[in-house]
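Student: Protein chains in written order, with my numbering: chain P, 1 to 298; chain C, 1 to 407.
Just so you know, not all the hints are guaranteed correct.
The calculated EDC-like cross-link candidates involving lysine to aspartate or glutamate, where the alpha carbons are at most 16 Å apart (straight line), are [unchecked claim]:
1. P/LYS215 x P/ASP43
2. P/LYS247 x P/GLU137
3. C/LYS101 x P/GLU286
4. P/LYS123 x P/GLU100
5. C/LYS101 x P/GLU174
6. P/LYS78 x P/GLU137
7. C/LYS274 x C/ASP26
8. P/LYS241 x P/GLU100
9. P/LYS215 x P/GLU100
10. P/LYS78 x C/ASP264
11. P/LYS247 x C/GLU102
12. P/LYS94 x P/ASP72
13. P/LYS78 x P/ASP101
14. C/LYS101 x C/ASP264
15. P/LYS283 x C/ASP264
Honestly, the hints are just simulated from the structure, not real lab data.
Here's the letter readout for the chains.
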Amino acid sequence: MELNRRTLFKIAGVAGAAGLAGRSSSAKASVHARSGAKGVLVDTTLCVGCSGCEAACSEANHLPEPNSPGDDAVFASKRTTGPETFTVVNAAKKSGPAGEDRYAKSQCMHCIEPACASACCVKALEKTAAGPVVYHEDKCLGCRYCMVACPFEVPKYQYTKALPLVRKCTFCAERQKAGQAPACTEVCPSGALTFGTREELVEVAKTRIYQNPTKYVHHVYGEEEAGGTSWLYISDIPFEKLGLTNKVGTTPYPQLTQGALSTVPFVLTLWPPLLMGLYTFSKRREKAEGSHEGPSHE
Amino acid sequence: MSSVIAMPSRTEWLQDKMFMGLSLRDYVKSFLNPTDIVIGLILVTGFPIIAARFMYGLGAVTNLSQSNPWGLWIAFDVACGVALAAGGYTVACAVAIFGLKEYTPIMRPAVLTGMLGYLLVVLGLFVDLGRPWRLPYPLFWSAGTTSVMYELAWCVCLYLVVLIFEFLPAVLEWLGLKELRMKLAKLSIGAIVLGISLSTLHQSSLGSLFLLAPTKLHPLWYSPFLPFFFFVSSISAGIGMVIVESTISHRAFHDQLDPKKPVDIDKLTLGLAKGGALILFSIFFLRLQGVADGGHWNLLATPMGAWFLVEIVGFILVPSLLFAWAVRYRNVLLARIAAVMTVLGIILNRFNVSWLAFRWDAPDRYVPTVAEVIVSITIVTIGVALFRWIVNRMPVMYEKPGYEGLH
Ligand code: SF4
Ligand code: SF4
């Protein structure tokens, strides 16, 4: 479901008036978001668990067919994405306000400041201005640091291949370039997935919450998580129940190593003169003591 | 000058330099001793596993998983390898910068251990990386400057060059290239300063790697001070390793020591022990400071907290006190025990950060396969074999006649 102008207009009016309850510092994360970058809003209250997105994803990315989409048995245990599965729908059975089932699709969040890209020493992962975090397989070393770094545990590795790649949701970057929407958002029959620019989607999400304050949890997951993500979630049950981690804070991940990295020039400029100074000092002392062991002076 | 050395014939050269003065037949026969046989057996077991890993992927031989992407090879061969190779820069700093000349006799073995240590780190990375031949990519083709790993790659690479350079004198003396050797002597202080700076950087960067895992590493180990902890503990690792390594090699290569210039290894050990006591003592309080800073005192009462105490009390505070005791009562044996504990403590720490306390709460915990353990042992064995090969030929444990006072 692509946003049309009219709904947007309607939303904008409401959102303008809404000093949405809860978090106030929403400016912090979105400052880094490039305007016009795309995102997806997942309204988990609308998801019916048909797994159509899984099938569409596999087709668009030339992956093996997912295991029995639509079959209720797949929801028995929690599934995770894998090297050949970029998105999975999991169920939170009987967790809705009236005991309904709730479902949530998971995939790469396409962080605004991705941990994975900041971890990669060869820029094999890259945040594009258009929104998607893309992977350049011709550069990847296979060090798997991206997997260690990603707080959402998204990148998956081909452990069974002699020439392995890291695999994850591509946000259909190629389709987007061609002016198409991501495959999953195109097939979703229930309106649970909305594709649009992230700025708009944040407003849409907040408007829905504002208009249904008793229904939704007053939080847009992904607005500030890990510094903000391109994929956003709203829900009427706690996000952890849908498999969305509540451990990740609001600090953009690259900031976590920035301090350490910025000491490098200091060490490189301060250490050598300091060490040379100490060296000269001990050399002198040695000479004064009339040492006979010094090599370089005759 | 070339006229100094009469050009020997090729076979003579081979016999002299490679076969330790033995004929080819005797040289081959000399491998029939328990040590070499054990080394051979380990290599023969390890190489097929490494081959399988390259043919069928990491999954064929390791227990690595999507949620535990780093296993024993990173925890041991890389993380411990780098820390335990710190003896090279620690002793180089003591001798060259602080002018503690009495440690000169153990400098070359320490530099050699360091150099081989880093070679093994690279070897460990080689088996672990998905596409190891791309190892130079971060250096030259596609610089991911936002990554700690990028800085690590540069530092380790440059430091390996520095170590080779620092060890080159022994090679030149072995080959009898005196003139070149003399030229090198003048450059060495620059190399040592560069080596210490690079070590400071990459020892700490190894800790910085985990700064990106605040939700995965247990709070008792995760700290914004990780880089600092890693750097300071690398010094204690260096001291511990130098004591352990010099004890072993002065026994194993006893016949190579110059009887005219006996090295008082006991005295040096006690000197190192003093440094060990101080540095370990401060590390203990730094680690407590880390707990206080994160406000995690309550976590000490959990099972992971107990494990944390095992590490910082059992393998940091206790060896620190043992070192102090050893110095006070001039007990060399005690110092050696403390050194072994220090080394084990470093291994424990690196294991904890990169493995045991990493995703400690996950349902699927990583346990290495036997094959992974064998590969790790194989890599260490390659190092030991190289060490023996070099020490048996080059002037490492002794000063070569004609080059005295040059170390
Ligand atoms: S969710 Fe993980 S893989 Fe996706 S962009 Fe964020 S850090 Fe990278
Ligand atoms: S595995 Fe590949 S993409 Fe991931 S951090 Fe390493 S080089 Fe980058």
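Student: Which hint numbers doesn't this structure obey?
Tutor: Numbers 2, 4, 5, 6, 7, 10, 11 and 15 - these are the hints that the structure violates, sorted from lowest upward.
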